[in-house]
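Protein chains in written order, with my numbering: chain G, 1 to 457; chain S, 1 to 233.
There may be inaccurate statements among the hints.
Said to hold, decoys possible - Only some residues are given here: those of chain S computed to face chain G with a beta carbon under 8 Å:
1. Thr178
2. Gly188
3. Phe192
4. Tyr194
5. Leu220
6. Gly226
7. Leu230
Hints are computed from structural coordinates only; laboratory data are not their basis.
In this text the structure is predicted, and so the values were computed from the model without any measurement.
Beta carbons: idealized from backbone N, C-alpha and C, even for Gly.
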Amino acid sequence: MKAFGKYISKYLLSFFVFALILLLVNLLAFALTFGGIVSREYGSASPANMLEAVAGDLSASGISEERLQELNHNRIWAMLLDAGGRCIWEVSLPEEIPTQYTIQDVAVFSKGYLQDYPVFVRNIDKGLLVLGYPKDSFMKLTGNYFPIRAIRIFPLFVTGILAIDILLLFLVYYFSKRNIAKNTEPIMASIKTLSTGKPVDLSIRGELSEIADSVSQASQVLSRQNQARANWISGVSHDIRTPLSMIMGYAQRIVKDHEASGNIQQEAEIIRAQSAKIKDLIQDLNLVSQLEYEMQPLHKEQVRLSKLLRSYGADLLNAGIGEKYSAEVKISPEAETAVIDCDARLLSRAIGNLVQNSINHNPQGCDIFLSLVCSLEDVSITVADNGVGMSAEKLRELEEKPHYMESIDERLDLRHGLGLLLVRQIVEAHGGTMKIESASQSGYKTILIFQRPHRRR
Amino acid sequence: MDHSFLHSKKLLLVDDEPELLKMVSAILADEGFSCLVTAANMKEGIAAAKAEKPDLAILDVMLPDGDGFFLMEQMRTWTDIPVIFLTARDEAADKLAGLGLGADDYIAKPFLPQEFLLRVYAVLRRCYKEDTTVLKLDSCTVDFSRAEVDRSGKILPLTAMEHRLLETLAKNEGRIVTVDTLCEALWGDNPFGYENSLNAHVRRVREKIEADPSKPVSLLTVKGLGYKLLARK
Chain G
1 MKAFGKYISK YLLSFFVFAL ILLLVNLLAF ALTFGGIVSR EYGSASPANM
51 LEAVAGDLSA SGISEERLQE LNHNRIWAML LDAGGRCIWE VSLPEEIPTQ
101 YTIQDVAVFS KGYLQDYPVF VRNIDKGLLV LGYPKDSFMK LTGNYFPIRA
151 IRIFPLFVTG ILAIDILLLF LVYYFSKRNI AKNTEPIMAS IKTLSTGKPV
201 DLSIRGELSE IADSVSQASQ VLSRQNQARA NWISGVSHDI RTPLSMIMGY
251 AQRIVKDHEA SGNIQQEAEI IRAQSAKIKD LIQDLNLVSQ LEYEMQPLHK
301 EQVRLSKLLR SYGADLLNAG IGEKYSAEVK ISPEAETAVI DCDARLLSRA
351 IGNLVQNSIN HNPQGCDIFL SLVCSLEDVS ITVADNGVGM SAEKLRELEE
401 KPHYMESIDE RLDLRHGLGL LLVRQIVEAH GGTMKIESAS QSGYKTILIF
451 QRPHRRR
Chain S
1 MDHSFLHSKK LLLVDDEPEL LKMVSAILAD EGFSCLVTAA NMKEGIAAAK
51 AEKPDLAILD VMLPDGDGFF LMEQMRTWTD IPVIFLTARD EAADKLAGLG
101 LGADDYIAKP FLPQEFLLRV YAVLRRCYKE DTTVLKLDSC TVDFSRAEVD
151 RSGKILPLTA MEHRLLETLA KNEGRIVTVD TLCEALWGDN PFGYENSLNA
201 HVRRVREKIE ADPSKPVSLL TVKGLGYKLL ARK
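Taking the hints into account, I'd like the entire structure generated from these sequences.
This is the structure in structure tokens:
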């Protein structure tokens, strides 16, 4: 019923006004069309008037000249029959009209025609006055009687017909309205989806199919552009990879080359370290753009987070993080068995980026803590350090300033560095949330919170 | 662990970038690998694999006349040597395709030389056991083929579990092995709640291999992660 109300509400009043106007227009058209004929035919020359006039004018000497002219002018003939059916007076009586009538003849023609002339009769003192109008000027209803019952229900019938007409009109209005609403709803929904940058594929039939096609086309254009951008980033990063491998490889060789002087070795180490930064950037850039345009399929599986975190911690320490840093993994006993549906590779990447941030921002060294705790509803991974931290002001900037990957204006104070952006994207792709806590000189802490799947009872 | 026994293995490198081939060869040669075969495309790669019979193939995914996955499939028709993919594409789909075909590892460019060597060693170690199955620890020698610990003449036998535990740690000598990996090695997939049993086995192993089991120097606990076995320097 709600939907019904929705479909009709707005335009119901205008619909009824329209129905009323339609009725008035019909009446007006009727009046204009028949008004002329009616006023003419029912004027002085109408049978009733003419009969009246001739009857009044008729004397022993016939009718007045004036009346005679009027009859001739209208091509009307007249005759007077006495009680015996004989014609005792006539005016321009056509030849084919007999002058002697039986009572049967009179009964028949008085209701209809005499030799195809529509005739009208009036009973006067002197006999029966008969006026004959030109052929084809009037149609006489020879069966003009109706049952009283039919006449009585006639007003009811007219009202009923009008009511049914209005109802039918209303139904047509309602269904067309509903049809439009039904067709526009998916279009509206698609446009809404489109505005969030996601692809839509819309196909509806009917008069709105063109609009639907346009929306689908717009979506395709957007997807193509996004795909092109992602491909472009992927292509560029691909082409940088091989040369960068070589820079890193040779820099490393020089670092380890005992014949090279200490100075050269130090410089080679700087080249190697900076190349490693470019390497991280390229890997992040590619993944960020893939996630941004939803081109990276998530390979979700049931992952025991304690195992993932320990495995990451072991890999980190096995690869070596330098003497100035330490890393510790702490898993609360109840979080030991916590399992979520996630892409293990991406999640490790997110944790890795956070750890790398701690290392990058604390060149003087710091302790890194990875921990896993869980409650009934969610499970959270915390990556914390005891390094220089971040002032409240900087933290706010980090949260509020748009990243250059997501910005469309030409501001110069945009956030740089892809590490944290990627972490946020990965967390969001898993329906989780990210919280950053930090204060100057008291470390930096990022908490990734994921919903636990509801356990079946 | 001493890797030198692996240096005699013959490695096949296939990459269409001659400069990269040169560099990777140099890195491997620096490390002590002496038998290196290189090829620039799939055709040469297949020919070299047939003629030289390498022990490990390191393949680029994108080759001028085909892709590395296809090259591996071809090679698999007559040999099951380990394969490592080296590629500039790091998309997850590629990775899965590579490992799904039975590749042993996958290294995305750009890579650091130590990371590259680490993976090469890991794959080689997994596929080619050291000829000598004796591991020298700080206060004893472990003979894996006989499942015995020799503490200056005193022979202590290892149980099957202890043997598997020590073997898993020895394969990753000097590296942290997580409790999850150890539990999987001892009890199979998805072992939950075996941590206490693992602790018990570790304690018993320490009693056999450590001079002072309460102050271990060979089998170390890495808090929160797992264990690490250190060989005698």
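Hint check against the structure, violated hint numbers in rising order: 2, 4, 5, 7
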